Amino acid sequence: MLKNEVPLALTPTCFIHHVFIDAWHHSLSTMIRKASRQFGEQIISHYRSDDISGEYRVFSGFGDGYWMIGVGIEIPVDLCKQFPSLIVSNRLIERRHCPDNITMIIEYELGKMPVGRINGHLTRKLNVTCNV
Numbered sequence: 001m002l003k004n005e006v007p008l009a010l011t012p013t014c015f016i017h018h019v020f021i022d023a024w025h026h027s028l029s030t031m032i033r034k035a036s037r038q039f040g041e042q043i044i045s046h047y048r049s050d051d052i053s054g055e056y057r058v059f060s061g062f063g064d065g066y067w068m069i070g071v072g073i074e075i076p077v078d079l080c081k082q083f084p085s086l087i088v089s090n091r092l093i094e095r096r097h098c099p100d101n102i103t104m105i106i107e108y109e110l111g112k113m114p115v116g117r118i119n120g121h122l123t124r125k126l127n128v129t130c131n132v
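Numbered by full-length UniProt numbering, the letters in the sequence shown go through residues 1 to 132 in order.
The set of hints was computed from the structure by calculation and includes no laboratory data. The model shown is predicted, which means the values in this text are computed figures rather than measured ones. A couple of the hints might just be wrong.
[As the list claims (entries may be wrong)] Simulated crosslink set (BS3-like; lysine-lysine; CA at most 30 Å straight-line):
1) K34 with K81
2) K81 with K112
3) K34 with K112
Let's have the full structure, built from the sequences with the hints guiding it.
Structure follows, in structure tokens:
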């Protein structure tokens, strides 16, 4: 399950979700699809309304019993320190992509990232300070 109903904004251009579920469970793909749609909506609204000088990337990392997934133009340094296993996709989500393609790109990139066992509970609070 997703920890939050909407992505958590770490910065104006960086959003994450925490996923709690067995990696082999059939509903993991449903969680990835749902999170991809939500991330896609955030990206689309930013590309339409804001003057953003960059392009989004997909990233993921492991916490204590959970999988953290996200999208961002710049990944906060504190997030990289907190998740040494952080994986950042090389694929850029470009401004020219249509909304459906943005969602599909996010879902595809998350589907390629390793998951592991993520059925535990959040045991450490996510502490991230962001320099905007």
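A quick look at each hint next to the structure:
1. Simply put, K34 and K81 have alpha-carbon atoms about 27 Å apart, close enough for the 30 Å limit, and the pair holds.
2. About 22 Å separates the Cα atoms of K81 and K112, which keeps this hinted pair within 30 Å; it holds.
3. For the suggested pair K34 and K112, the alpha carbons sit about 16 Å apart, so the restraint of at most 30 Å is met.
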